[in-house]
Each structure stands twice: as structure tokens, then as C-alpha cells.
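Top to bottom, those sequences are chains Y and G. Counting in numbering that gives the first Met the number 0, the first sequence runs from 0 upward without gaps. Counting in numbering that gives the first Met the number 0, the second sequence runs from 0 upward without gaps.
One should not assume that every hint holds.
If you want a taste of the chain Y side facing chain G, the calculated C-beta under 10 Å gives, among others [unchecked claim]:
#1 19
#2 93
#3 120
#4 159
#5 162
#6 167
#7 196
#8 221
#9 223
#10 224
#11 225
#12 238
#13 244
#14 290
#15 293
I should point out that these hints are in silico values taken from the structure, not numbers from a laboratory. In this text, all values refer to a predicted model and were calculated from it rather than measured experimentally. Note that beta-carbon positions come from the ideal geometry of N, C-alpha and C, so glycine has one too.
Protein chains: 2
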Amino acid sequence: MTADLSRCSLNTATVKHASLAEAVEAAAGAGLGAVGLWRHQVQEAGAEKAARIVSDAGLRVSSLCRGGFLTATDEAGIAAALEDNRRAIEEAATIGTRELVFVVGGLPAMSAPGQGPRPDAGTADRDLVATRARVADRIADLAPYAAEHGVRIVLEPLHPMFAADRAVISTLGQALDLAAPFPAETVGVVVDTYHVWWDPALAESIARAGHERRIASYQVCDWILPLAAEPLNSRGHVGDGYIDFPTISRWVAEAGYDGDVETEIFNEEVWAAEPARTAATVGERYASHVLPHL
Amino acid sequence: MTADLSRCSLNTATVKHASLAEAVEAAAGAGLGAVGLWRHQVQEAGAEKAARIVSDAGLRVSSLCRGGFLTATDEAGIAAALEDNRRAIEEAATIGTRELVFVVGGLPAMSAPGQGPRPDAGTADRDLVATRARVADRIADLAPYAAEHGVRIVLEPLHPMFAADRAVISTLGQALDLAAPFPAETVGVVVDTYHVWWDPALAESIARAGHERRIASYQVCDWILPLAAEPLNSRGHVGDGYIDFPTISRWVAEAGYDGDVETEIFNEEVWAAEPARTAATVGERYASHVLPHL
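Based on the provided sequences and hints, a complete structural model is requested.
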């Protein structure tokens, strides 16, 4: 019997070197039901054409990556972040997904606000509490625009090892606290196994996320060791590492989530593989490690 | 005016290549008040002689590292862990510290129980929930023996990036939950900035730890980037990275902690420096970044 891969989605970052058309072909060829897209691809093709490439292949768009980078302290940086995120919201609406994933940014640069989201330790503003408060303010700024466009701001907690340089949202519970002031259809959360698998509060946070109807995406990839020189690219195919996918998938299912399960892997070796082979592996691992527990 | 370094302690792992006598000399020479010791050093010198080396230099022992590695699933592994930890408790009593730091271990090997605490992904028992439950059982096994010897089992939450291979206690709140069934003088916790700085619940967890009188040690070192090839050795001197020491030190002080502040740095460059220079830097950074906020 062939497994039902209709909820299995290939995030195109997993086949980084493929064009949008190639990635979509690989996903469709492997029998998957959806793809998760990135803004640079959508912008290259044009949002309407990108939408057509996906729908012509019989696939859905499970999410768009990514908005965010909201931690600037200076007026110009804040204005630029809001402007860019409004464009991202429009692109998500055009591409046909409600789910716009936000990576909110790390500690900002203190003395050189224009430097971007990865300041040296020497110039970093170390006030993590205030940085997190600014993220809450920016979400409040953007929520009405997202709601107008029928798009959901989807907060992604990143693994705590990225708290300094990439995302000051570090746990699912914190993401839910930040989402709490807004309707569930306007601000949601991602459950990404790579980032949250270690969390002692994971079971209760997933249950809460389901109860609040905020689970916008379930993303899967594995924690492998040793970490890569660039830890961002340390992820492995589901089943190659230490994560307990049956348990976490069951928690997600019990929380009522019935949407797509997106595989997003940043890994030089995976990127070097043929997209068709990668998409097939994504489908196989989903079928063996995730689907039976959903 | 010279800063009061009486609460500043040098964990001897910071001067890894120094003998116990050399490490103690460096700490005393820099005007520090205490040292944190490791079992292998204590065992080499003999516990009584090690105690004398420290007290003859006018220093105190702030803690002993380390017990733990409690996650074995098989009877032989469990018995060996309990036996080794009873020896550690005796050594702590002899060396003259109440505080025995526990690193509880990562996911155990499933098919090869004798392999030790860092199994390959292929043989790892991925059941994190059950692994954490076993840690609770082993603490219960050891608590009476610790109490008899006037020694405190001090649970150390490690950064979540070590959850697979080193310690399944990942947050201060989780450590406090594990400590909760036992008297505060028998099971305590470490607040180590490197491991917990990112935690959105840190302020409330430190306050809770203080309220419950369980803070057994405040350890400081900084989060620096990029991570080292061995992430365990990525730590930096206080002030060289991204951690907000004034804020965290204030939380610790407000929680009522008035014990030693131990600097523990694993870093190849720091290890290559002269112990006297390292001890002096530890004192200087403590004086500038921590002491004013205690």
C-alpha cells in the first residue's frame, strides 16, 4: 500500500539549489501534497506566476518563509522592518497561503543600527528583555495589516543556540505568550521539531497551542551531531538523529492539528543531492516516522 | 579602591592545564576567595590533601564538579552510576564543600548500554520523556546518601544544544521541578549564565529558586559566536559575548543568593593562557560586570 503523502510538504530550502519549478517538480514527482516557499523565489518568479507553477503541478503552498527581523532599536530600522513585512504579507496573500513564517531576529547592534541582525558581540545590545518587548510591539504594529490581507503572522521559536544572532523567541510557550493578545487567525506559531524537541514543557505547550488553535505549521527535521561549523546547517533527514518523532507527532495530532507537515532541512550534504532523490527521502521518512502517529 | 573579590571563585576547569596547586596559587594570587574543583584533581591529590592545598592558600572550595550521568536504562549501568555518585558525595564531604554539581547525562544508548553517555544517533534511545523520568528516580535513590553526608546534589541545567548528548535537564525551571520533592539542603540548582541566559522564563525561575533556597552556585561565563567546532568549548570570559550580566546578576542577588560566583570557562584559547593571567582576568571581569550588580 502506498502511503498517503497528501499532508507531506517539501520546504524548498531543503532543495536549496533547485529553481522553484525544479523544486515543485521534485515534490510532485515524489507524490507530496504541498511545498513551502521562500520569498526570494517568489519575488524572482513574480508572486502570481509562482502561484501558478505550484497549482499547475497540483500542489498547495503550505507556508511562505519568511517575515520577521523585528528587533531594530532605531526609527529607520523599525520603519524598514515594518515596510518589508508589509510586502511579505502581500506576497503571502498573492501566493495563496495564509501562513507567513516569522523569524524575529536576534540581539540588535547598539552602536551601528544599520548593521543588520547579526552584530558582533562588541556592538550588540545585550538587553534581551527589552529586545523581546520590541518584538511584541512590532507584532502589534503588523497584526492589523496581516488581518486585512487574510494572512497569519506565524511566530517561529528558534533553538536557544540562535537567541543571540537570529531569533529571540526561544520556546513555544514564549511564542504563544507573544501571540496571546491577537486572534488565532492573525497570529499563530510553528512547531518545528529541530528547534523545540528538547523543551521540557513541549507536551503542554503543544497542547496549549492546539487548544488556542494557533498551530499554523508542523515542521520536521532531525537533530544530528556533531553540529556543523555553521550550526544553522546541522539539520538532518527525519530519522537520522536524536528526535523522538512518534511522540512529538502524536502530541501535535492530539492537539488537533490537521494541516501540512513540512520538511525543512538546512544541510550542505542534503543540498548536494538530486532534488528528486531528496523529495523521495522526505516522503519516505514522513511515511515511516511521522504519518503513523498523526 | 580594590574590588572585593572574596565571593569570586575560579573553577579550575578554566585553567585546565594547571595542576591543583598551580590553579590554587593563581586564584590566591589574583585575590579571589575560592576555587571550584573537579573530581579527577581531587582524586589525584587525595581528597584530604586537596582540601589542605586549598585551605593553606586561604581559599574556600565553592563546589565540586561533578556527579551525574544518571540516564542508563540497564541494571548494571544504573548500579555503576549510583556507586560512582556515592563516591562523589563522599569526596565532596571530605573536600569541604556542600555543593556537588550534577550533569545528569544525555540520551542513553539503546542497543549497547555499556557505550557511555554519548551514543550515536543510530543507537540512541530517543525517549526523552522516559530519560528525564529516570533522572528523577536516580536523584531519589541518591538523596538520602547525600543528606547523610551533609552534601547537596546540585542539578545543573545545560544549554538545550546539549540535550541529546550531555544533559537532559535543559531549563532552570525543569531543574527546580526535579528538586521539588526534596529538602532544599539536599537538592539544589546551579544558575550558569552560559546555559540559561536565553530562557524567557529566567527571571521567574531565578526568583523561584531563591524563594525555595535552592541556588547552590552562580556560575558565569559568556556566550560567544561563532560556536567552536566542539560547542562545549565555546565559552568566553565574562564581557566578551552576548550575555547581559548586570541583569542576570541582579536577579540572582534579588533572589537572596549571597554565595560564591564561580567562573567556569571551557575554551582552547583561555586554556592556552597563563593561569595567573586567566585568574586575574576572571577577577577583573567579575569586578566590572558582576559585582556592582550583586
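Results for each hint:
About 31 Å separates the beta-carbon of residue 19 of chain Y from the nearest beta-carbon of chain G, more than 10 Å, and the hint is not met. With a least beta-carbon distance of about 34 Å to chain G, the hint placing residue 93 of chain Y at the interface is violated under the 10 Å criterion. Taking 10 Å as the C-beta cut-off, the interface hint given for residue 120 of chain Y holds, the closest approach to chain G being about 5 Å. Residue-level restraint check for residue 159 of chain Y holds (minimum Cβ-Cβ distance to chain G is 4 Å; threshold 10 Å).
Here the hint on residue 162 of chain Y is kept, as its CB sits about 4 Å from the closest CB of chain G, short of 10 Å. A cut of 10 Å between beta carbons decides the hint on residue 167 of chain Y: the least distance to chain G is about 8 Å, and the hint holds. Because the closest C-beta pair between residue 196 of chain Y and chain G is about 7 Å apart, less than 10 Å, the hint holds. Look at residue 221 of chain Y: its Cβ gets to within about 8 Å of chain G, closer than 10 Å, so that hint holds up.
Using the Cβ-Cβ criterion of 10 Å, the hint placing residue 223 of chain Y at the interface with chain G is satisfied: the shortest such distance is roughly 6 Å. With a cut of 10 Å, the hint placing residue 224 of chain Y at the interface with chain G holds, because the nearest CB-to-CB distance is about 6 Å. The interface hint given for residue 225 of chain Y is met, as the beta carbon of that residue sits about 8 Å from the closest beta carbon of chain G, less than 10 Å. Against a cut-off of 10 Å between C-beta atoms, the interface hint on residue 238 of chain Y holds, since the closest Cβ of chain G lies about 9 Å away.
Taken as an interface hint, residue 244 of chain Y checks out: its beta carbon lies about 8 Å from the nearest beta carbon of chain G, inside 10 Å. Nearest Cβ of chain G to the Cβ of residue 290 of chain Y: about 17 Å, over the 10 Å cut. The hint is violated. The beta carbon of residue 293 of chain Y is not positioned within 10 Å of any beta carbon in chain G (closest approach about 18 Å), and the interface hint is therefore violated.
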